[in-house]
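S.K.: In case you want the letters, here they are:
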Amino acid sequence: MPDPIIIVGAGQAGAALAARLRGLGYDGPLLILGEEPHPPYQRPPLSKKYMSGELDIPRLLIRPASWYGEQNIELRQSTPVMEISPQERRVTLGDGAQLAYAKLALTTGAHPRRLPAAMGGDLADVFTIRNLADVDALSPVLDPGRSLLVVGGGYIGLEAAAVAASKGLKVILIEMAPRILQRVACALTSDYFRSLHGRHGVVIRESAALLELLGKDGRLTGALMQDGSVIEADLAVIGIGIAPNVDLAERAGLAVENGIVVDGSCRASAEDVYAAGDCANFPWRGSRTRLESVQNAIEQAEHAAAAMLGAGKDYDPTPWFWSDQYDVKLQIAGLCRGYDDAVPRPGRREGSQSVWYFAGERLIAVDAMNDALAYAFGKKLIEAGLSIPKAVAADSSSDLKRWAAGG
Amino acid sequence: MPKVTWVLGNGKEITAEVPVGLNMMEAAVTNNVPDVIGECGGCLSCATCHVFVDPAWFAKTGGPSEMESDMLEITLVDRQPTSRLSCQITSVPELDGLIFKVPQL
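So the sequence lines, in the order shown, correspond to chains W and A.
389 is the number that our numbering gives to position 389 of the first sequence; each next residue is one higher, with no gaps.
With positions in the second sequence counted from 1, the corresponding number in our numbering is that position plus 407.
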């Protein structure tokens, strides 16, 4: 029997990679090694419908547990990998067992940044949101009337704030930067979400630097801010970003720089080793890029699967993202990296709005808030490499469909 | 349990029992129906679970909501009068026998 293709990491990317290998006709041995005790599951609902209790674990799974066996895919849960050895073509498991591989895919994902212990990061009642276990610990303590401090005004922090506020907690969100979403969106989008949260009673403090979390007997009591003020809180969610899981790659001597460095075919710097998803850093439109999204996890993993079987095209995605907060769906097409202007466009419905990002005169991204039509046509335009004049973007009566069809 | 059939682009059919309460995107993924992807997990964000409802069944499934209709603008295969995003159709006993045509990508 030939050595298997081994996939390290049983998340969205690992599952997509395995499915695509089988879909493309690879019928050799295939093994997925995952750290967590669950089959691959969707992470986005964790900070949304799973956290609010509207979705249970079976429906969180990307494929039913039985699917892997049916596809002759060996899925090993609770099986962390200790070491990979590209020279010897093998991986070492926690119990010392070694497995030989023919090809190796690293879909190791990312982990949330934590506050250091010196800042109170390891106090009880301080949570991060990344894994099922994180949310299973947090959800039961989100009781109405309690106070929650959210550290970080990115999407995870805002989604957690929305769920908690909807459950009746008192929520304060602090953001170190001058505005929420600063890293990922323009001021117009920040304004929209600041005001949305304000209407739901969430207090947002921007340019607010945390000095340390305060505790008593190991439990959180609040936060001391740099300006000397104290925010009292029963619970804290830390949403200050994620970092790619690169330990294995680094120790194996693979090139690592903000993620596992891969080429357009998802190949890492050692022969027959590939990487995809949150952990991979790939060349895209002239810049090294690492995307944290479901779209990238799936599409890059599928690209890696094809590359493992000999395909040669470069990965060239149209990134897209979404976030759900209260009754607002945010959909983002493209990547606003490098924008120099952002144009607002009112939507057809109350509360619906979109923001169109331009680099020079070229459309590069759209944020659509409860405006699926703007998202749809923005995505179509960006995918096709088409642009529209800024005045057209701003004019809510302009016919986007016509422009998306090429003029 | 309602039985649902997906007719693929090549004429092949996949028929499966779909537990009540599950949506038809989840059912398609579970049953390895090709080209019904469900990238966003069924939250009306991606339009990758596009299907054509057999016209005889369209009255029973009903048409798309406004938001869903907007999303049907970016399906990979152009929408038709009975296009739906299958994540927005929940399995109920009345849909026993339902037939979808799967757009060929």
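Everything labelled a hint here was simulated from the structure, so no lab data went into it.
One or more hints might be untrue.
Below 20 Å or equal to it, Euclidean Cα-Cα: the simulated DMTMM-like pairs (lysine to aspartate or glutamate) are [claimed, not checked]: (1) W:K48 <-> A:E446; (2) W:K48 <-> W:D143; (3) W:K401 <-> A:E475; (4) W:K380 <-> A:D461.
A quick note: this is a predicted structure, and the numbers were derived from the prediction, not measured.
S.K.: Take the C-alpha atoms of K48 of chain W and E446 of chain A, compute the straight-line distance between them, and say whether it is at most 20 Å.
M.R.: Roughly 16 Å between the alpha carbons, so the hint for K48 of chain W and E446 of chain A holds.
S.K.: Hinted pair, alpha-carbon criterion (20 Å max): K401 of chain W, E475 of chain A. Please report holds or violated.
M.R.: 16 Å, holds
S.K.: Are the Cα atoms of K380 of chain W and D461 of chain A separated by 20 Å or less?
M.R.: Between K380 of chain W and D461 of chain A the Cα gap is close to 27 Å, so the pair fails against 20 Å, i.e. violated.
S.K.: Is K48 of chain W close enough to D143 of chain W, meaning Cα to Cα at most 20 Å?
M.R.: 16 Å, holds
Consistency with the previously given hints fails for number 4 only.
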